[in-house]
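Chains as they are written, first to last, in this note's numbering: chain A, 842 to 1657; chain B, 208 to 321.
FYI, nobody ran anything at the bench for these hints, they're computed from the structure. Warning: the hint list may mix true and false statements.
Said to hold, decoys possible - Here are some chain A residues the structure puts well away from chain B; computed CB gaps all over 12 Å:
(1) Pro953
(2) His1019
(3) Arg1023
(4) Asp1026
(5) Arg1040
(6) Asp1173
(7) Glu1176
(8) Asp1182
(9) Ile1311
(10) Ser1316
(11) Ser1360
(12) Asn1392
(13) Lys1401
(14) Trp1510
(15) Glu1611
(16) Glu1641
What the hints assert, rightly or not - Covered stretches of chain A (in silico footprint by chain B; criterion: 3 or more residues with CB under 8 Å from a CB of chain B, positions within the stretch not fixed):
(17) 958 to 972
(18) 1622 to 1636
Quick reminder that beta carbons are idealized off the backbone N, C-alpha and C, glycines included.
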Amino acid sequence: MTEKLVVIGNGMAAGRVLEHVFERDADRYSVTMFGAEPRVNYNRILLSPVLSGEKDFADIITHDEAWYADHNIRLRSGVSVVSIDRAARTVTDSSGAVTPYDKLLIATGSSPFIIPVPGHDLPGIVTYRDLDDVNAMLAAAEKGGCAVVIGGGLLGLEAAAGLAVRGMKVTIVHLMPHLMERQLDAAAGYLLKGAMESRGVEVCIKANTKAIIAQDGKVSGVQLEDGRVLPADLVVMAVGIRPNAALGKAAGLNVNRGILVDDEMGTSDPAVFCVGECVEHRGQCYGLVAPLFEMAKVVAARLTDDPEPRYEGSAVSTKLKVTGVDLFSAGDFAEGDDRQDIVLRDAARGIYKRLVLKDDRLIGAVMYGDTIDGSYFFDLIKTGADVSSLRDSLIFGQSFAGGANADPNAAVAALADSAEICGCNGVCKGAIVGAIASKGLTDVGGVRTHTKASASCGSCTGLVEQLLAICLGDSFQKADVEPMCGCTDLGHDDVRRLIVARELKTIPQVMQELEWKTSCGCAKCRPALNYYLICDWPTEYEDDSQSRFINERVHANIQKDGTYSVVPRMWGGMTSIKELRAIADVAEKFAIPAVKVTGGQRIDLLGVKKEDLPAVWADLNNAGMVSGAAYAKGLRTVKTCVGTDWCRFGTQDSTGLGIRIEKFMWGSWTPAKVKMAVSGCPRNCSEATCKDVGVICVDSGYEIHFAGAAGLHVRQTDLLCKVATEDECLETIVALTQLYREQGRYLERMYKWSRRVGLETIRTQIVDDEPRRKALYDRFVISQKTSQVDPWAERVAGKEAYEFNPLKLVIAEAAE
Amino acid sequence: MNVHADLFIDVGSIDDVPMRGSRIVRAPGGDIALFKSTDGAIFALRDSCPHKGGPLSQGIVHGRSVTCPLHNWIIDLESGRAQGADHGCTNVIGLRIEGDRILLDSSSLSAAAA
Ligand code: SRM
Ligand SMILES: Cc1cc2nc3c(=O)[nH]c(=O)nc-3n(C[C@H](O)[C@H](O)[C@H](O)COP(=O)(O)OP(=O)(O)OC[C@H]3O[C@@H](n4cnc5c(N)ncnc54)[C@H](O)[C@@H]3O)c2cc1C
Ligand code: SF4
Ligand code: FES
């Protein structure tokens, strides 16, 4: 007698199990199959081509009516199972009918997750899981208008690309700093963002959805946490999936996130099997088909009493199905000290490849732009082969790997003479090799002069060096520019030059275009890049707080015990009864243990608890005070003396000028800290001649000094020039600071910059070249528009609130 | 089965910890620092540097390491060990991820564990 097999779910995993069961034993079972969707089984992963119009539904059907008929399957499509009675071995469906089983297979897949923001249930919101969703999207696209896709993972991107092809104006809202963060690293995420944007899809990263807004009972927009409202006629939620395990749980099976199965694909009931996305195996729930197909083989074996095959988990790889975007990721590409990265970036062709090795084995791969070797690498990951002998050329892929003695220069040596090395100047390999030989060149500089190769953007410098090494052998020595850090061979100046020349505007973009050797930089280069980008693109660049040292991140100075100090600005060292009272009140209210007058003419509140910071700032803000930036690589203090207001020797209004400079320049970021002072006469009571910039007032005007220091090194300032009026004085100081901002290397104080580029060069540009001085001044003014925002007030208003609150307070009893 | 093995406390969602950043959990036994590396992995360490007790939660996270904000020791997030020439180790706190929830081993949160 045939046994009764009941299958819940008519999806990809269930279809595959049945195929294998019929191959093994065509007559063993009489099958009843329930499918909540009112149709036959289809290839769900090809819904995206249906959405974009590259395929019809008919093209993606995997099991048609005839297949069910041929195998005598009773297909109950459009009917869901609502409960399982394991004791009676029956299932009850949505029509109320009860069906008995000998063996039960649960293959219910998973459901899209809906973020429970206000408005999440409005008409006009769809998820992306089945054909009905695609039809809903197509109907919306007919009418045109705007679509917002929430979620920049695989599904969100495919939905966005499809809707864009269908003529909608699409915006992706993604919470994380880069797209597909589960599969890609920041570098590949950056390239992908560019590819989406070139398809007309706008991408908002680090954007958190706050609410969905309605008009006339229908979706009209998506409101973000930062206040922006994106217009939307259609909202697609693609933020993740959740295994459909509820049915199993209600039936008393062991369930965690998914229904628990062992390596034999058994559940806690020997008559019940489970397969697909609803399963949890060894702590893993999967969302891709490859693991489901492997599970299906094992389940089919169990259903036909073959004890052999076991399921031991799957390595997964991902490809994005957006036409024209080549992207592949597999395995584990997390960073770790026991792991090594091999990174290849070909900026000109938009290619990025990264391999992650551990103990001489390949464990992860991310590829963008050129994915031909995806399956080769995936295979190396799955087999865990020792790759130490291939290491040097591994990243070039299968065609290169295994070549006898893999030489790092081999790839360049193998290039044809006609291969272009310098894209900017169109110089090919033959021309460079020829010049090296005929002109007897020995370094990159020589090649630059004679061929122009590497003379423009410089990104081919590495290739030119390799050519020199090939032609000259061991006698070639690389020029020793000190690299910024271990992540790049470029020095600070090259990086700064290239950021401007190539209009690089985000950290991942710099790392990709300048061929960084690590995937996300280090604690040395990230703060530097963050500064360079703020300085060069003040109105466009969005600050990356995670690339800042803690003091600049929370706008207070960390102390040895983990508390913070708070220093409000006291313009030019002047204060008032109101400010002093506010400081006293704050100190009392928050039990701040120490109040100190600093060496910078203002008051420091020391020992403030981190979570009190926003409240302390709010009180200080209310008394009209802003952050003194005592923590910043930026303008610190402008010390003054009492000047003509009171002093019998004062020649000019030194206090007023100091305050004017501080009010004009506060908030600006600089390579290292900048301290200034204005003294009313050469007696110099504000110590102006040991500051980064100091003014000494004299009867006939103002002497502007700069490049002094009184810290680790004590250095007296140099005289830059003398001017007659306050206005000229301010213009000169601002232009000088801007020149330093544009040329200084990160953490290089003004006196070191001056020593490096030379006092005369600076004087020529600032004092003698008036148009240049004015242009520098104007650039500073532009950058101040976005810099003069009190960081304290922003945080009082709620910005980055997570910085100041513990995630959780665990009380004593809970922990015992 | 060991009864204590199951005493894990839900402390929040993985989305609450910023990428390349940190959050703290305040517990009777002292603060615990949770970190998220660029690849989205979560780590938990006692929030105290093996050098002079600096709050590691306030450091810069890079790769799977954090640079202490006080004197720049680099601590490995997985093992809690100081890297390079420096020697010392911070306690790693037992951690489990369930869905998007972060669960911490309660035995390391109690005052007795301090
Ligand atoms: C508070 C203060 C000492 C005081 O109680 O007076 C102070 C405190 C610190 N100084 Fe200073 N410096 C203070 C005036 C000075 C001065 C005097 C001045 O500005 O006129 C100098 C010498 C002038 C100079 O900079 O050339 C000074 C030279 C330094 C240096 C050495 C800099 C150098 O390039 O050589 C450091 C170390 C550094 O920046 O790397 C430093 C670093 C520090 C730090 C930030 C140490 C740190 O990294 O945590 C201290 C922070 C304590 C805190 O949380 O408030 N501090 N420091 C003064 C704050 C002034 C203000 O109102 O903002
Ligand atoms: C748009 C899209 C693109 C994708 N692209 C890829 C890709 O490129 N590569 C890749 O590997 N994977 C991709 N996937 C994922 C892949 O489709 C899934 O991993 C796979 O379909 C899961 O198979 P399953 O059988 O477990 O679940 P499903 O295919 O979802 O089948 C489960 C079926 O069970 C039904 N059901 C649920 N509960 C009940 C009930 N109580 N009673 C009756 N029926 C029920 C559901 O309606 C559903 O039809 C994509 C998914 C989507 C949505
Ligand atoms: S002199 Fe040294 S100890 Fe004193 S505040 Fe400055 S850095 Fe700290
Ligand atoms: S306390 Fe961490 S480095 Fe000193």
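*Which of the stated hints cannot be reconciled with the structure, identified by number in ascending sequence?*
2, 3, 4, 6, 7, 8, 11, 12, 13, 16, 17 and 18
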